[in-house]
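Novice: If you want the building blocks of each chain, they are given just below.
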Amino acid sequence: MRNELTKYLEALIAAGISPEHEARIRAELATVGQSHDLPFGNGVSGPSGGRRSFFDEGDLRVIQQAAPCHINAAVLAKSLDELLERDRQREKDGFPRKIQVGKLVKPGKGNKGKVVVVPATVEEKFIHDPTVRPSGEGGKSGGTGGSGDGEEGEVIGEQPVRGEAEQPGGTGPGQGEGENHELESTAYDLGKTLSEKFQLPNLKDKGKKRSFTRYTYDLTDKNRGFGQVLDKKATLRKIVETNIALGNLPDVSDIDPTRFLIAPHDKIYRVLSREKDYEPQAMLFFLRDYSGSMEGKATELVVSQHVLIYSWLLYQYAGQAETRFILHDTEAKEVPDFYTYYNSRVAGGTQVSTAFKLVNDIVKKENLAKDYNIYVFHGTDGDDWENGGMNALAEIRHMLGYASRVGVTIAAHSGQDGFMTTVARFLNSSELLKSKPDLIRMDIIQEDADEPRLIEGIRNLIS
Amino acid sequence: MELINQHTKNIMEGCKERARSAGLSFTDESLEYIVTNRDLLELSPKVMIPTLYDYWVHDVEVLREKGMYELYPHNPYETVINTRPPISFYNDNNPDWLNVMIFYHVLAHIDFFQNNLYFRHTWDYDFAGQALSDKRVIAKLRAEKGRWVDYVIEFARSIDNLVDFHGGLAELFIPHEAECSSRLNYYFDVFLQTEKKISISEYIKEINRYNDCLKAHGELAEKTFFRDAERRFPELEARFSRADEARPAKRRDLLRFLLDHSVFLAKDENVWMRSVLEIVRKTSVFFQPQIRTKIMNEGWASYWHEFLFLQDDRILGHEVDFARVHAAVTSLPRVGTNPYALGMRLFSHIEEQADKGRFSFAFQRLTDADGRKSFDTGVATGRDFIFAVRENLCDYLFLKTYLDQDFLDHYKLFVAGKRLDQQRMVWQYYVKSRKADDYLRMMLESLYHPPVITVDKTKGVQGSLYLVHTFEGKQLVREYIANTLMGIEFLWGGPVHLETTEARVAATPPAGWREVTQDGEITWQRVVYSMYEKVLSKKHV
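In the order they appear, the protein sequences are chains A and X. Under the working numbering, the residues of the first sequence are numbered 3 to 465, in order. Under the working numbering, the residues of the second sequence are numbered 2 to 542, in order.
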């Protein structure tokens, strides 16, 4: 793989790229050996390493086996209004908002990758940051405690990096099938919140496609003789028909309605009837760059925003939104669930076009364009090895033929101007953003963006 | 929440008798409550203090981000709280034998709370009662001032880790007669030694002169003494007053400093905020010793529940049940740290060593390995020794003093590392080091340690507050700086500066890379954050 990439890089250099660009590519190339797999751990691992500190042990939990009580999302939902009201008031009083809606809490890694979306907050204080350490010292300290036999340097245990299948032990009771649903229902609630509380716009109707077993009642059926509402036009037509047959209308140029006979049977009424309704349905593609440069905050931002978008669209489409997750570096691949999408490790290079190409292929192969409103959201740090974006633009142009909206989020690294990133440049120079503003949008955020900024971003991408 | 029934209470009283006769000491009264999951849901955000003041953050999921225990120096799942009388919490379906074990554990905790000197400041009042009256104060203020009470609570809590717990503790232990006036301290500690650099013989002469004055003049000794001293050093008075100004009384206690010196809080319309700050500060100081004695406290309780349970004649037939639960609580994990297991073994180790008289000069200077192994003076004072340890030490000193190579070897402890094997795609856990020094460093690293942030009165322009973070190898969490400073600005009522040290991260490759955070060279640099009218700015020093 490395050789192929190096060859590709040489080709790029031959075609002429700037030294900074080359340096970036080379830095990313150095990460190629690393895997793309899910991080080890129980799902709570974050930048801090996720190890539970021994300060978390308490008597109730350890000795009396009291279950850790997470605040239930359903309980919180009641107070959510109040919390958001408080938050709005904070802003009026001149303090930054503090409630973060849509923050991800991953209480554990079941089989289904559980993601619960709840309002959350953090109390900020001056505390030491354990993650930033000089290298020499990090080698000396760090690690955790252990006990038992083994020489220094001896490996005492291994844990496969790869996923769930190899992990011993089954899932506990209460885990399993139900969990996906949990994401959806909370995401739906979140979407509702976003629409109502953050005044995100409602979606314009994009047409009705596939049918669902859902009915509305309407005065659509007709009935002769009796009914709820007289359909005057149809009735008149029927009367004329009858009277022509009776010979009461000898001359079309001189009609005398007084001579008409009106049979009760000619009266046409509308009656209330059950109608099959057609719901619009959405297919959401979430694309994410998981190359080396994306690690850290950029990934966090992109994925958080994607959760918010998903939630909001899920609400807009009354739950009829399906999702596909695609990760890419120099190649793109589809992953089955959000957990993998969120947690996959980063390494390797970047070629944006591959992801768009994969979407085009999927849409074509499964003939999705016919039945779905298709949304494509792409998150990146703006890096692309391919400078001019020729391939990517070609794929995007093709995509605009069927997609309802393509949204590109660029999470620029600190100290970098988002508009100067490769992706931003080729999108801007392509004029697509200006010529088709209702089909493609771009949102550029800085690495230190907060929740409100992300929600603002959704407005940019969708409205 | 309801009290345990008479039958169970009877068991508790039996446990108290047995624990007392084994040497533990605690107050007679205690309260035991049965808690349901619902109760826990309410109690755990309030760190098990049922009467703690209400605050909206208690109703929200708190993000478990980095440094959780640094943000919240107390555990939401503690069984016992350090009140008068002590309160403890139980499941309602515990069998009797399990309750016996837990009761012993609880009694040892109570003994620890009531005898360890780091808890000295909590001995003279009942925190639950205090918290209740504070809760009422806050409820009353909230009725008058509305949401502004919550803002003040929020801003006060954002600096509640910057309280001078140790300083406050020290004051409790300095005997009254040992106190000298600040003038005297300055004269002997600073003026004569660093300013005048007088010789030792002259210094001793001055001390004798003071002692003579004390004998001859009693109450008026100091006055007489300084009259002569000023004749000799005419500049003394000026120097002293200048030094006194530069030295803030409570240097490490930002909350106390704001209470004493903030002009904003002194305004008539803002005086109510002081009571909120006092409440937050009091609560924080109350919890401080808890997190600093986690390993000792749990170790002590585990040591005693094991010892007392096995002696208890009422639980015959449940030895196996006990063994299962006890092993689950106190087994040393293959990888990881268990405060119960570590603390319990260290107490046993200390007791054993003391029994053999090994905390002695004779043992320390012994270099012969065989001699060390068989060294035993037969003093058998181990029990007394560990009682002294539980009285006088905190986790830091406990580990630093007693965690030695012998202990590590005996219990086969090591520092475990984790690395990625790329070929086979597995995480490998390996024995990183079996040296006591490395193990100790790893343990001390993981202990609670809030940053040292002091007020520097000599820097910053008029009306501003200048904070200095003493750099100890770790930078502050950057995302939190802005909002914390904003809170301080509110409470101070003027611009606030924070001088701290930050890692300079290279511009390319971009920040946030694993390479940078783990392997990259980091250069530290001093920066000053300034908060003025809610706008944060940063400049290099």
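Rather than coming from a laboratory, the hints here were simulated on the basis of the structure. Glycine included, each C-beta is placed from N, C-alpha and C at the ideal position. Be aware that one or more of the hints could be misleading.
Just some of the chain X residues that point at chain A, by a computed CB distance under 8 Å [what the hints assert, rightly or not]:
1) Trp57
2) Ile103
3) Arg527
To spell it out: a stretch of chain X is covered by chain A in this simulated footprint if at least three of its residues, at any positions, have a beta carbon under 8 Å from a beta carbon of chain A; those stretches are [stated by the list, open to error]:
4) 5 to 18
5) 212 to 220
6) 433 to 439
Novice: All hints are to be evaluated individually against the structure, with a verdict given for each.
Specialist: Results of checking the hints against the structure:
no. : hint       : in the structure
1   : Trp57      : holds (7 Å)
2   : Ile103     : holds (6 Å)
3   : Arg527     : violated (15 Å)
4   : 5 to 18    : violated (count 0)
5   : 212 to 220 : violated (count 0)
6   : 433 to 439 : holds (count 4)
Comparing the model with each earlier hint shows violations of hints 3, 4 and 5; every other hint is respected.
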